[in-house]
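Could you build all of it, start to finish, from the sequences and the hints given here?
Here the protein sequences line up with chains A and B, keeping their order. Taking our numbering, the leading residue of the first sequence gets 1, the next gets one more, and so forth. Taking our numbering, the leading residue of the second sequence gets 315, the next gets one more, and so forth.
Errors might be hidden in some of the hints.
As the list claims (entries may be wrong) - Okay, derived cross-link-like pairs now, DSSO-like style, lysine-lysine, Cα gap no bigger than 27 Å in a straight line:
1) K276(A) x K534(B)
2) K533(B) x K285(A)
3) K160(A) x K567(B)
4) K17(A) x K567(B)
5) K416(B) x K109(A)
6) K399(B) x K109(A)
7) K109(A) x K533(B)
As the list claims (entries may be wrong) - Residues on chain B that point at chain A, a partial pick, calculated with CB under 10 Å:
8) P325
9) S482
10) P486
11) C487
12) E518
13) G529
14) C530
15) L535
16) N556
Keep in mind the hints are simulated off the structure, nothing from the lab. Computed from a predicted structure; not experimentally measured. Just so you know, even glycine gets a beta-carbon here, dropped at the ideal spot from N, CA and C.
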Amino acid sequence: MSKIGVFIETADQKIKKSVLGIIFAASRGGDVVGFVLDGLASKYKKSLEEYGVTELVNLTASGIEFSKYPEAAGEALAQGVKAFGVAALLGVSSPIGNDLLARTAIALKAPLALDCMDVDFTDNSVKKSHFSGKAIATIEMTASPFVCGIRPNSFDAVQKPVTCNLIDHNLTVSTEGAITITSVDKKGSGQKDLTEANVIITGGRPIGSSENFALLEDCAKILDAAVGASRAAVDSGYAPHSMQVGQTGKIVSPKLYIGCGLSGSVQHFAGMKTSKVIVAINTDKDAPIFSKSDYGIIGDLFEVVPALTKALQK
Amino acid sequence: MRIYVCVKHVPDTAANINIVNDTGYDRQVKYVANPYDEYGVEEAVTLVEKAGEGEVIAVCVGNETSANTLKSVMAMGVHRSILVKTDEQFSSSALIAKALAKVIEEDGSGDLIFMGKQSVDSEGMQTPYRLGAELNLPVVTGVVNFSLEGSKTIVQREIDGGARESLSMGTPCIIGATKGLNEPRFPKLPAILKAKKKEIKIIEISSLEIVDDAGCRLKKLEPVKERSNARILEGTTEDIVNSLVKILREEEKVI
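So, in structure tokens, the structure goes:
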């Protein structure tokens with residue numbers, strides 16, 4: 001049976017939630033080999049074996065902190081792919097995931113597809129968006145191994161308990177003259193991560209001010225949702241760009257997307273149309289968003305959202 | 315200072331895409347410069363303007379109508395352009411990177427190379443990395459802030475949850491630009507007229523003698539099924555939100 005590798009992306013010593021769905025995706029192609037870069041594989045072993053990871057590789061390089069050297073991290077994953085003979089390496093298409101998967105593919109001279117919605121190991125093909133979500137491309141990976149980043153929330157996590165073998169793999173990489181991450185500014189952070197969220201509630205320009213986003217925050221707290229903003233709201237200065245959903249912002253794929261005061265532009269839908277259920281709230285019954293959503297509420301977000309928050313508390 | 319900017323001629327994001335023959339699309343749509351590339355163009359032009367000397371050269375791999383995209387970035391201040399001509403609708407990122415690398419090397423070396431972090435047509439997100447491998451230069455993409463400090467290039471990129479990382483690398487290097495880096499200018503008429511007289515050197519891709527070793531191929535292109543009209547919930551605000559909560563919990567089971 002062939003082996004499929006998964007880059008176990010972590011943040012603050014925790015496995016990113018969407019990694020678990022990707023482990024399921026990988027398990028359809030063979031035994032799953034997890035690769036950990038932060039040196040803490042033993043800490044993650046227990047939760048990963050619940051989801052079917054049969055080998056967990058702790059990649060280390062004589063004390064080099066991979067989180068500071070993206071090129072060395074990519075090289076380490078590439079060496080892991082070769083040493084463990086995996087037929088493909090999958091990972092989360094997050095900012096860090098995309099960067100490291102791209103560097104890994106380059107180091108391996110391997111084909112790469114990022115932001116995929118599906119991967120099929122019977123013919124080694126992937127499905128991904130083209131033209132801002134207006135088309136789906138099926139791309140056949142003709143060389144092996146290949147590298148594939150998967151859009152968060154494309155696969156649900158499925159429990160599949162196995163016994164996991166923990167392996168320490170020390171390798172040699174150079175950081176001489178390398179790109180170096182010198183600092184991380186978390187000032188703008190503290191928001192719930194949009195791309196990982198199961199539920200997202202987004203405000204458009206009619207929200208009117210940054211203070212009014214509190215209305216969405218109240219509703220989001222009950223739903224354990226992340227709060228997003230449209231480009232119009234960001235360009236009006238009501239929200240930071242890190243909250244923007246759409247073509248030039250975040251690409252999200254939650255189970256539930258609630259759009260408040262959004263017109264429904266092609267560019268916005270490019271960033272959220274793969275959501276499972278879309279609910280639109282808008283005062284204008286002719287807004288294009290109503291023709292592209294699952295449920296519509298014709299009404300003022302300043303009335304509907306507080307009422308929804310109240311109804312959810314029941 | 316000599317800066318190269320790589321640009322792609324792409325269908326406007328608002329254009330309707332009609333798929334033909336399984337792996338192609340009808341090209342009779344409005345084309346624009348790839349929006350992410352425009353952030354790179356703006357940064358390059360501003361740097362040369364501030365330095366008071368230098369040249370910005372645009373390089374594009376595309377069909378002959380790509381000249382329109384090159385004219386539009388020359389109207390933004392790019393000095394001259396090179397078009398690598400191909401009639402392929404979807405060239406692989408690997409082939410495009412090889413073509414860009416070859417013409418940049420033949421034209422002369424650059425102090426910096428800017429491009430968008432991805433194109434809005436095939437959304438590959440990997441050409442900057444592949445170009446970096448071809449030219450043996452460091453690459454960072456998703457860049458929202460750029461500065462030069464001595465021999466180092468300092469950039470910032472956004473990571474999860476709104477946090478930003480600062481990265482330091484050697485110069486020359488390749489920057490994959492994204493929204494937030496700057497506000498691309500809208501050229502005024504004199505600049506547009508002046509751009510028409512600027513040079514576009516055309517090179518046939520076949521003359522570059524490069525081979526596509528991408529290791530992948532487009533097998534099929536399908537339109538995405540759009541949702542049909544939303545089910546509009548009616549009644550008083552209270553009725554509406556109560557029925558929505560019930561639907562989301564019991565029918566859709568998403569909360």
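- Hint check: 10 Å Cβ-Cβ cutoff, P325(B) to chain A: holds, 7 Å
- Hinted contact N556(B) with chain A - closest CB pair below 10 Å: At 5 Å from the nearest chain A Cβ, N556(B) passes the 10 Å test, so the hint holds.
- Message: Against the 27 Å threshold, does the CA-CA distance of K17(A) and K567(B) hold or violate the hint?
- Response: The hint holds at about 20 Å.
- Message: With the threshold set at 27 Å, check whether the alpha-carbon distance from K109(A) to K533(B) stays at or below it.
- Response: Satisfied, since the Cα-Cα distance of roughly 21 Å is no more than 27 Å.
- Message: Take the shortest C-beta to C-beta distance between G529(B) and chain A; is it under 10 Å?
- Response: At 3 Å from the nearest chain A Cβ, G529(B) passes the 10 Å test, so the hint holds.
- K416(B) and K109(A): Cα distance at most 27 Å? Within the cut-off at roughly 18 Å; holds.
- Query: Close enough to count: is the Cβ of L535(B) nearer than 10 Å to one in chain A?
  - Reply: It holds, given that the least Cβ distance between L535(B) and chain A is near 5 Å, below 10 Å.
- Quick one, are K160(A) and K567(B) close enough, alpha carbons at most 27 Å? holds, 23 Å
- Task: For the pair we were handed, K533(B) and K285(A), check the Cα-Cα distance against 27 Å.
- Result: violated, 40 Å
- Task: Answer holds if the nearest beta-carbon of chain A is closer than 10 Å to that of E518(B); otherwise answer violated.
- Result: violated, 26 Å
- How about P486(B): closest beta carbon in chain A under 10 Å, or not? For P486(B), the interface hint is violated, since the closest Cβ of chain A sits about 13 Å away, which is over 10 Å.
- Given hint K109(A) paired with K399(B) - CA-CA distance at most 27 Å: With a Cα-Cα distance of about 25 Å, the restraint between K399(B) and K109(A) holds, given a limit of 27 Å.
The earlier numbered hints that this structure contradicts are 2, 10, 12.
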